[in-house]
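Participant: Single-letter residue listing:
Number of protein chains: 2
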Amino acid sequence: MSPEGAPPGAPALGGFALRSADGGARRGTLALEHGLVETPAFMPVGTAATVKGLTPSDLREMGAQIILSNTYHLWLRPGLATVEAAGGLHAFMRWDRPILTDSGGFQVFSLESRRVLDDAGVRFRSHLDGSEHAFTPENVVAFQEALGVDVAMALDVCVKLPASDAEILEAVRRTTLWARRSAAARTRPQTQLFGIVQGGLDEGARARSARELVELDLPGYAIGGLSVGESRADMERAARFTAALLPAGKPRYLMGVGTVRDLLIAVDAGIDLFDCVYPTRCGRNGRALTRSGDLNIRNAVFARDQRPLDAECDCTTCRTFTRAYLSHLFRADEMLGPRLLSYHNLRVLLRLMEDSRTAIEQRRWTTFRDASLAALDRASEGFSSPGLNVGADTDENG
Amino acid sequence: MSPEGAPPGAPALGGFALRSADGGARRGTLALEHGLVETPAFMPVGTAATVKGLTPSDLREMGAQIILSNTYHLWLRPGLATVEAAGGLHAFMRWDRPILTDSGGFQVFSLESRRVLDDAGVRFRSHLDGSEHAFTPENVVAFQEALGVDVAMALDVCVKLPASDAEILEAVRRTTLWARRSAAARTRPQTQLFGIVQGGLDEGARARSARELVELDLPGYAIGGLSVGESRADMERAARFTAALLPAGKPRYLMGVGTVRDLLIAVDAGIDLFDCVYPTRCGRNGRALTRSGDLNIRNAVFARDQRPLDAECDCTTCRTFTRAYLSHLFRADEMLGPRLLSYHNLRVLLRLMEDSRTAIEQRRWTTFRDASLAALDRASEGFSSPGLNVGADTDENG
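Protein chains in written order, with the numbering used here: chain A, 1 to 398; chain B, 1 to 398.
This is chain A alone, in the form it adopts within the complex:
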């Protein structure tokens, strides 16, 4: 099997070709059933089989190569039978490029009071109607395979930080146990199963988790349990440490990261894939991402500003509308505002990854990284770039 439209020299389905590296940053190509993903790559989040307010056509136009959707949400609504009746998730939502689904673990562990965990899996109550459900390593793999996604994530145990050493080690033990059962449960070779390294900020626990998962020889590995409230320095240290434990020939995915600054740091740490609700959530709330800091379009200074939102941006929103008009849309609570700003914010991150790929290919990554971080440091819009505490959560409807 080779991926759809794959050029000569592309890796085999599920394969990852490391094209070049510069400093710690990597330039690769991941071959998936619905196409190639050039890395580093940011994955827009389409929680409920839709990237909020945007069409698949919009996503193609802005250069999205792969999107993420959430097992927890799709499980509850519309449910598997509805997606299967459509012929799978791609057909249901009319997106013909790769899709990665998370395992539902992160969402379920965000439900704290509603869930019961043991080695078999996790029982939980729906946040929608209180109905009871259970995730097991096996049924979560089966669910994602039935969706027909390109990448499925193994069910993992995500611990809220700070946590005791015992809690962290228990989460690592169970995550490995579940990853082994997930790997054994696979039936669909077109769906690539990634494992998720846990271990909090404890290097010993991270090392054990990585070692046990790498033994399974999975097609890719994620770094989970970060971007959940720790400092940026802690995130960077843990991501860098963990990335170095993972095989160079497999893609590395840092879950829940999606600010300009964090993406630059994580690419530098050798990460290849990212997702985060940050750009779309900000887009709905009037916060615009730019390469030189965020700005709040509701701010009075923009009410008659005839400049584009972001003079550096090539997106349709910036090429068409003014800050004054966007400011009006948000003040008037007009739904076009969230649509246009979500579009822009995603394009900023996708283009950051495009430029990062070029910089790595041209062996000028460190210069690009330093110049990009300096532009953020110079930002003077009255916002500091947000910390890492803005990552994924139970429900994107924030």
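Any given hint might turn out to be false.
Beyond 12 Å from chain A on every Cβ pair, some chain B residues (computed) [stated by the list, open to error]:
| # | residue |
| --- | --- |
| 1 | S20 |
| 2 | R174 |
| 3 | R232 |
| 4 | D305 |
FRET-style restraints, in silico, Cβ to Cβ [stated by the list, open to error]:
| # | chain 1 | residue 1 | chain 2 | residue 2 | range |
| --- | --- | --- | --- | --- | --- |
| 5 | A | Q190 | B | R363 | 52 to 62 Å |
| 6 | A | R307 | B | G130 | 27 to 37 Å |
| 7 | A | A233 | B | A134 | 53 to 63 Å |
Which bits of chain B does chain A cover? Going by a derived footprint, with three or more residues having C-beta under 8 Å, they are [unchecked claim]:
| # | segment |
| --- | --- |
| 8 | 88 to 100 |
| 9 | 271 to 282 |
| 10 | 320 to 327 |
Hint data in this document are derived by calculation from the structure and do not stem from the laboratory. The structure displayed is predicted, hence computed values, not measured ones. The C-beta atom is built at its ideal place from N, Cα and C for all residues, glycine as well.
Position chain B against the provided structure of chain A, taking the given hints into account.
Facilitator: For chain B alone, coordinates are given in the frame of chain A:
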């Protein structure tokens, strides 16, 4: 002056060429500053300088020739200074085709308890913040001219039905008085001022209103005070009676009409222009318009229906997505649903007008009308086509 991009033989700016007629239906061309409008034409409503959820590019793609925006709403937010700073309403919202603005009269009279009326004009309080404002015939013309719109409406007095004869005649008297002052207040020849015929369901009052306004030799006339709660039969009778009183060589605009059935009836009555929030409001609420009746996409029967929303429709929504997916979007309260359904609903009405124009040109209007009305009568989706009580109101955010 001739309108932008006008072909040879097009009417002069502000002119209306009656191309053909068939039965009572008319096929015309209205020449405006920002382009020609082929009539009969439906005008999507962009209350606050945005057709909710849609971009100017979407509107061009679906074939919108002209849109309507609301003086009352723009006056309050963002206010004239902001629109003027952008270079006018077209530049502010990035729509380069014609715009008609209403006079604010209808909105202000919907505010009942908040307004005070005399011959000078009407004082009212903002529904947003309670601030005091006053509309006069003169300042409403000046406002619309400053926006740079193609068609401005004269301030009128709209009476809620049922009303006494005295109330109706007083509204007619004041509407004429204000129309004369509006005409005298004009300073911008590129903005065409239309008068609004009032008179409720009283033929005598309608006749007097029409006669007095026609004496002003305005470039177009609207029929106001209908589609505000009366029966469809009453609306049709009053529209037909009033249309016949208006000069054949000027465009006729029936305000607040926008269901498939009402448009067919009104075209048959000799009306050329229409606007209504119905298609976009329905779009936000999950109600889909079709040529064979409306359907509620939230209905359980659609949850796994893999057909397009409307098999007869050529719009992007219908060519891309299934009823099952649209149903999911509305059940999950996803903002993509309102966007996609608003797009479809507007396209249905725009295409109905396109097909009406062709039928009139080809002298088969009555056949087309009867077949179209019969298709609605056969509708079996569990909905009857809504009555006329769904027209414009104070705020489109419904």
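Participant: Each of the hints needs a verdict: does it hold here or not?
Facilitator: Evaluation of the provided hints:
Residue-level check passed: B/S20 sits 38 Å from the nearest beta carbon of chain A, beyond 12 Å. Distance check on B/R174: its Cβ is at least 31 Å (rounded) from any Cβ of chain A, clearing the 12 Å threshold; non-interface status holds. Consistency note on B/R232: stated as away from chain A, and its beta-carbon is indeed over 12 Å from all of that chain's, at 31 Å minimum. Against chain A, the non-interface label of B/D305 is violated: not every CB pair exceeds 12 Å, the least being about 9 Å.
Checked against the hint of 52 to 62 Å, the pair A/Q190 and B/R363 passes, with Cβ atoms roughly 58 Å apart. The supplied range of 27 to 37 Å is met by A/R307 and B/G130, whose beta-carbon atoms lie about 33 Å from each other. Between A/A233 and B/A134 the beta carbons are some 60 Å apart, a value that agrees with the proposed interval 53 to 63 Å. Check on the segment 88 to 100 of chain B: 3 of its residues sit with their Cβ under 8 Å from a Cβ of chain A, so the three-residue criterion for coverage holds.
Counting residues of the segment 271 to 282 of chain B whose CB lies closer than 8 Å to any CB of chain A gives 0, which falls below the minimum of 3, so the coverage claim is violated. Three residues within the 8 Å Cβ limit are the bar, and the segment 320 to 327 of chain B against chain A gives 5, so the coverage statement holds.
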